[in-house]
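K.L.:
If you're matching them up, the sequences are chains R and L in order.
In terms of this note's numbering, the first sequence is residues 16 to 371.
In terms of this note's numbering, the second sequence is residues 16 to 371.
Derived by calculation from the structure, the hints in this document are not laboratory data.
Keep in mind that a hint or two might mislead.
Any copy will do: because identical chains look the same in the list, a pair fits if it lies in one copy or spans two.
[Stated by the list, open to error] No more than 25 angstroms apart at the CA atoms, straight line, and that leaves these computed lysine-lysine pairs for BS3-like:
#1 K141 to K85
#2 K46 to K91
#3 K357 to K97
#4 K237 to K225
#5 K225 to K22
There are 2 protein chains.
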Amino acid sequence: MKFRNFKMVGYVVYGRGSFNQLDEIIEPERKEGPMIFLVDHFFEKKPLVTRIPLRGADKIVFADVTHEPKTSQVDKLVQQLKNEFGDISGIIGIGGGSTLDLAKAVSLMMNNPGSSADYQGWDLVKSPGVYKAGIPTLSGTGAEVSRTTVLTGPAKKLGMNSDFTPFDQIILDPELTSNAPVNQRFYTGMDCYIHCIESLQGTYLNEFSKSYGEKALELCRKVFVEKNNWDDESDDKLMMASYAGGMSIAYSQVGVAHAVSYGLSYLLGTKHGIGNCIVFDKLEEYYPEGVREFKYMVEKNKIEIPQQVTKGLSDEQFDAMINVSLGMKPLWENALGKDWEKIMTRKKLRDLYEKL
Amino acid sequence: MKFRNFKMVGYVVYGRGSFNQLDEIIEPERKEGPMIFLVDHFFEKKPLVTRIPLRGADKIVFADVTHEPKTSQVDKLVQQLKNEFGDISGIIGIGGGSTLDLAKAVSLMMNNPGSSADYQGWDLVKSPGVYKAGIPTLSGTGAEVSRTTVLTGPAKKLGMNSDFTPFDQIILDPELTSNAPVNQRFYTGMDCYIHCIESLQGTYLNEFSKSYGEKALELCRKVFVEKNNWDDESDDKLMMASYAGGMSIAYSQVGVAHAVSYGLSYLLGTKHGIGNCIVFDKLEEYYPEGVREFKYMVEKNKIEIPQQVTKGLSDEQFDAMINVSLGMKPLWENALGKDWEKIMTRKKLRDLYEKL
Chain R
16 MKFRNFKMVG
26 YVVYGRGSFN
36 QLDEIIEPER
46 KEGPMIFLVD
56 HFFEKKPLVT
66 RIPLRGADKI
76 VFADVTHEPK
86 TSQVDKLVQQ
96 LKNEFGDISG
106 IIGIGGGSTL
116 DLAKAVSLMM
126 NNPGSSADYQ
136 GWDLVKSPGV
146 YKAGIPTLSG
156 TGAEVSRTTV
166 LTGPAKKLGM
176 NSDFTPFDQI
186 ILDPELTSNA
196 PVNQRFYTGM
206 DCYIHCIESL
216 QGTYLNEFSK
226 SYGEKALELC
236 RKVFVEKNNW
246 DDESDDKLMM
256 ASYAGGMSIA
266 YSQVGVAHAV
276 SYGLSYLLGT
286 KHGIGNCIVF
296 DKLEEYYPEG
306 VREFKYMVEK
316 NKIEIPQQVT
326 KGLSDEQFDA
336 MINVSLGMKP
346 LWENALGKDW
356 EKIMTRKKLR
366 DLYEKL
Chain L
16 MKFRNFKMVG
26 YVVYGRGSFN
36 QLDEIIEPER
46 KEGPMIFLVD
56 HFFEKKPLVT
66 RIPLRGADKI
76 VFADVTHEPK
86 TSQVDKLVQQ
96 LKNEFGDISG
106 IIGIGGGSTL
116 DLAKAVSLMM
126 NNPGSSADYQ
136 GWDLVKSPGV
146 YKAGIPTLSG
156 TGAEVSRTTV
166 LTGPAKKLGM
176 NSDFTPFDQI
186 ILDPELTSNA
196 PVNQRFYTGM
206 DCYIHCIESL
216 QGTYLNEFSK
226 SYGEKALELC
236 RKVFVEKNNW
246 DDESDDKLMM
256 ASYAGGMSIA
266 YSQVGVAHAV
276 SYGLSYLLGT
286 KHGIGNCIVF
296 DKLEEYYPEG
306 VREFKYMVEK
316 NKIEIPQQVT
326 KGLSDEQFDA
336 MINVSLGMKP
346 LWENALGKDW
356 EKIMTRKKLR
366 DLYEKL
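Sequences are here, hints too, so could you generate the full structure?
P.N.:
Here it is in structure tokens:
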């Protein structure tokens with residue numbers, strides 16, 4: 016199809032305190048097995064855990080999201096759940112983008128044979144997963160509305176892109192993001208900001224994605240440029256920025272920052288949000304205005320962007336990053352046009368990686 | 016639930032020419048019976064009809080949308096389809112808001128017993144309808160994303176509001192709106208503009224609805240205030256304005272113009288878009304800035320708003336309109352606050368109706 020037929024999430028609830036509706040929302044989805052709450056390990060022993068509406072054999076599983084999600088991690092989680100319960104009614108991801116992506120992947124792999132690595136790509140998933148709901152506790156990833164789940168596999172970092180991937184339900188409760196660590200919140204918010212700059216300046220774009228991207232960017236600016244303190248309004252707006260930024264991906268693509276940052280996280284395990292910031296900080300040549308505003312936000316919000324993260328890497332390591340990065344063809348084409356391969360040579364990309 | 020759990024449409028495709036994907040999109044939805052294409056009678060003998068991908072027993076049914084859709088009209092259509100085909104695979108609405116609402120209602124009534132009038136209200140529909148897709152040919156109604164289908168019944172003008180009501184699929188092809196009659200296009204665009212003014216100035220609102228409402232309003236302004244000619248960009252943007260305006264209704268409500276206009280269309284059959292314009296034109300007291308901008312757009316776009324439409328009506332007729340209008344309690348509360356009944360007396364509303 017020339018225009019993507021975009022699968023939407025099934026239900027959205029937005030509101031301060033809407034997390035309290037979780038029990039009522041999932042009640043009609045309960046079948047034979049339990050509900051599994053896959054929770055970002057950051058919340059272990061935090062009050063949020065006590066608010067999870069456990070019933071019967073329901074179980075809370077903490078997800079170690081120190082690193083980007085791996086296909087091996089998905090496969091292990093699925094095996095554990097199958098061994099312990101056989102079937103489950105559904106899985107509820109509560110956390111940042113990594114946790115949400117893990118929840119989506121586990122849902123799919125409960126009903127599809129083999130390893131999640133077999134499904135890294137586009138439309139390889141053949142059966143719907145079990146019921147899945149996503150509850151973001153960080154704003155900016157867009158994972159709550161995306162049709163992918165980004166995974167690092169044995170051979171590649173690539174998502175399980177499919178119409179079965181989006182959540183059946185998302186709960187957008189801005190109260191849940193209010194206690195996020197300041198740095199983490201910034202990096203994740205910048206994930207949204209950066210991808211809007213990349214998509215709005217890209218060669219793939221239509222009015223659908225443009226209107227969502229513009230709104231997301233405007234909301235990011237309100238929060239990180241205009242406002243002088245962090246309050247409820249910041250959480251409210253950043254949560255909508257994340258949602259709108261995610262929707263804008265329907266007919267757009269990210270660009271240079273994401274393509275380069277993918278190589279970084281493949282090799283070094285650098286988390287997506289901070290990786291994008293490390294890269295975007297050096298992209299004046301490609302996004303001059305966006306990078307200027309980014310540096311202003313970094314300063315205003317008193318954030319330190321890590322420097323010299325690629326110092327001392329071997330030629331083989333640089334090559335590995337370059338290979339992963341140049342594999343992201345649609346991103347490069349969106350950013351630099353059809354002739355991108357003439358512009359972004361291996362030499363030029365190596366120089367860029369050395370600057371990081 | 017305190018916060019509405021908003022059911023989204025299943026799939027969205029947006030793009031100039033995306034109508035050409037219709038055959039491919041509905042192919043997996045074909046079951047025993049035919050697909051029914053319910054098309055606005057405006058398109059009878061127009062080229063669009065020849066582009067409809069008929070297969071097997073598929074049938075085009077033209078919908079007479081001279082007046083607002085009625086429950087009796089829905090019931091008759093359903094009976095005809097049941098008599099002729101027994102079961103159908105699905106129904107594809109192609110037209111303005113009335114046609115889309117008819118398509119949604121017919122889909123539901125194929126699988127629910129009784130008359131559509133039995134389901135006017137909230138969450139009265141118990142079974143999902145047949146597969147339904149909506150393809151707007153006018154922008155501004157928001158019917159493409161709403162969870163209602165506004166119907167005039169024997170006792171009331173009220174929609175079948177339910178989680179089963181939203182379309183499974185919408186196709187947003189801005190090419191389809193380019194030949195709409197200028198007046199009609201304006202009135203329908205203003206439906207979106209007016210409802211954004213009402214919802215953004217209302218007492219019900221949260222950041223979800225605000226961000227959609229602001230975007231819709233911005234797009235309407237681009238088209239009707241800033242631009243000096245009608246071109247592809249106008250169609251592109253107004254189609255997104257309509258979509259965003261419809262989404263903004265999730266956590267907001269319309270206000271005085273809609274409440275008054277409902278009475279008008281109940282009694283006189285005035286179509287929704289033009290009815291809103293007739294009313295909004297006289298609402299300086301409630302929406303001073305919005306009405307000022309509205310009058311500017313009317314003048315700039317060389318539109319005549321009908322005047323004196325209630326002249327010569329009897330007391331009984333005014334009472335009928337007032338009764339319908341005052342029944343729209345959430346609209347009044349959104350517009351005027353909890354104490355709205357003290358503000359909007361029958362006398363005051365009668366004066367307002369007499370001004371129209």
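K.L.:
A separate judgement is required for each hint: does it hold in the structure or not?
P.N.:
Structure-based check of each hint:
1. Taking the closest pair of Cα atoms, K141 and K85 come within 25 angstroms of each other only inside a single copy of the chain (21 angstroms); across copies the shortest separation is 42 angstroms, beyond that limit.
2. In the homo-oligomer, the alpha carbons of K46 and K91 lie at most 25 angstroms apart inside one protomer (23 angstroms), although the nearest pairing across protomers, at 39 angstroms, exceeds that limit.
3. When the C-alpha separation of K357 and K97 is checked against a cutoff of 25 angstroms, the pair qualifies neither within a copy, at 49 angstroms, nor between copies, at 61 angstroms.
4. Taking the closest pair of Cα atoms, K237 and K225 come within 25 angstroms of each other both inside a single copy (18 angstroms) and across two copies (14 angstroms).
5. In the homo-oligomer, the alpha carbons of K225 and K22 lie at most 25 angstroms apart both inside one protomer (18 angstroms) and across protomers (24 angstroms), since each shortest distance falls under that limit.
Violated hints amount to a single one, hint 3; each of the other numbered hints is respected by the structure.
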